[in-house]
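Student: Which chain is which? The protein sequence lines are A and B, in order. Position one of the first sequence corresponds to residue 1 (this note's numbering), numbered consecutively onward. Position one of the second sequence corresponds to residue 1001 (this note's numbering), numbered consecutively onward.
To be clear, the hints were calculated from the coordinates, so they are not data collected in a lab. Since this is a predicted model, take the numbers as computed values, not measurements. Keep in mind that a hint or two might mislead.
Capping the alpha-carbon separation at 27 Å, the derived lysine-lysine pairs in BS3-like fashion look like this [said to hold, decoys possible]: (1) B/1260 with A/86; (2) B/1145 with A/79; (3) B/1038 with A/105; (4) B/1038 with B/1197; (5) A/25 with B/1145; (6) B/1267 with B/1077; (7) A/44 with B/1145; (8) A/86 with A/105.
Okay, the calculated bits of chain A under chain B, using three or more residues with CB under 8 Å as the criterion [claimed, not checked]: (9) 20-33; (10) 62-73; (11) 95-102.
From the three backbone atoms N, C-alpha and C, an ideal C-beta is built for every residue, glycine too.
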Amino acid sequence: MVARLVVLVLLMTAAAASPAFAQRKQAKEQVEFGIQVAQRGLWKEAIYRWERATQLDPTYAAAFNNLAVAYEHEGQLQKAREAYEKALALEPENSLVRQNYDLFKEINDRAAQKDGR
Amino acid sequence: MTARLRKTVASLSLALVAAVSACTSYTEIPIETPIQPKLDVSAFQRIFIAGFIAGANEDVDANMETVRLLRSQLRNKGIMRVIDADTLPLLEVAKQNAADGNGSEPAPDQQATQPPQDQDKPPVFNDEKDLEPYQHLFANVAYWKRIGEEYQQPLIVTGAILFAPQQRSGFVQREQETYDSFGRRMVVPVRTYMERKGFVLRPTFIFIDGRTGETLHSETFREEILYNANQQTPALSSYFELMDRLLPAFLNTLSAQKIKGTRTLLK
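Next up, chain A with everything else stripped away, as it sits in the complex (with noise of 0.2 Å):
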């Protein structure tokens, strides 16, 4: 019993050690410093810190979501878009990812809507 939990905690060191948590780790590290930095009004600096969260982690529906955000703020709707359904395709039962989509797609819809398209 005790061999057998000594090898699952050395398994999970390992895991812990591997190149997905590494990447993980780095591209929250870069969400977590977007989210201070738009939190003052420096939305492209948390744009750029989320790109690169994207970059580092592509399975990463947090990066991808406040990506969208950081779109829709500075008017960029079609990348916000794209950025919100790709949180979604990432993490579908997502809540929080899908109350903020819905609320883009009205104002995303009545944009369109006066594009004409």
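Based on these hints, arrange chain B on the given structure of chain A.
Tutor: Frame of chain A; chain B shown alone:
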């Protein structure tokens, strides 16, 4: 490292990633989404809210109220110089046009779509069909060009306003407060049959180039409000409440707007 061990490490790392994701924390942030205006109005320095085809419904003069409201909103926002002139007698002009055959292309069933000639009092518009006989006026390029010349070639805003009472009955969902056997408060959705009445506002805004008399853009909105049948709400308050909802969209036709909202950032 054996293949089996590598596989186990990989699955555990994915599990760790998933575990980290599961502990997602979030923060809300206010955003302002800029929406570009539909019309390029840089060629115009002045705007003339000329008036609207509207009937006399429920003690609300939808024409005058809309003209007043739009002019004041445009002035407050500083969107072009607003021409302060009398509104145009569009109903009379439309009737005269129809009588002279000066409308746009005559419709095959023009007899049926001519405005009523024998009424002294303003007509009552209850639905879109009642407005149809007057629509040809907006396509009368010569008329609008002449108006444009008179007011130094502004951007002209006109159109039709339908403001009519609305009555509807049916099942509606509402929330009801209940208490369970432990005295805990709960709110449950219940469906109840209700008689409701209110108003529908359906304005069509037409933007005309005062230099040419041509229509640049046209937009129709529809908003409705329904109250419990026992509730007495003045028609004028309902009118303003409905106009309030669509004013941002109207203003956004002429100028860029920022739509405020809140979004959730995830970690």
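Student: For every hint, state whether the structure bears it out.
Tutor: Structure-based check of each hint:
For the hint pairing residue 1260 of chain B with residue 86 of chain A, the CA-to-CA distance comes to about 24 Å; that is within 27 Å, so the pair holds. Distance check on the hinted pair: residue 1145 of chain B and residue 79 of chain A sit about 42 Å apart at the alpha-carbon level, beyond 27 Å; violated. At roughly 18 Å between alpha-carbon atoms, residue 1038 of chain B and residue 105 of chain A fall within 27 Å of each other, so this suggested pair holds. For the proposed pair residue 1038 of chain B and residue 1197 of chain B, the alpha carbon gap of about 35 Å is over 27 Å, so the pair is violated.
Only pairs whose Cα atoms come within 27 Å are accepted, and residue 25 of chain A paired with residue 1145 of chain B is rejected, the gap being roughly 66 Å. With a C-alpha separation of about 39 Å, the suggested pairing of residue 1267 of chain B with residue 1077 of chain B is violated against the 27 Å cut-off. For the given pair, residue 44 of chain A sits about 47 Å from residue 1145 of chain B by alpha-carbon distance, which is inconsistent with the 27 Å threshold. With a C-alpha separation of about 15 Å, the suggested pair residue 86 of chain A and residue 105 of chain A falls inside the 27 Å cut-off, and the hint holds.
Three residues within the 8 Å Cβ limit are the bar, and the stretch 20-33 of chain A against chain B gives 6, so the coverage statement holds. Counting residues of the stretch 62-73 of chain A whose CB falls under 8 Å from any CB of chain B gives 6; the rule of at least 3 is met. With a threshold of 8 Å between beta carbons, the proposed coverage of the stretch 95-102 of chain A by chain B holds, since 4 of its residues qualify and at least three are required.
The structure shown violates the earlier hints numbered 2, 4, 5, 6, 7.
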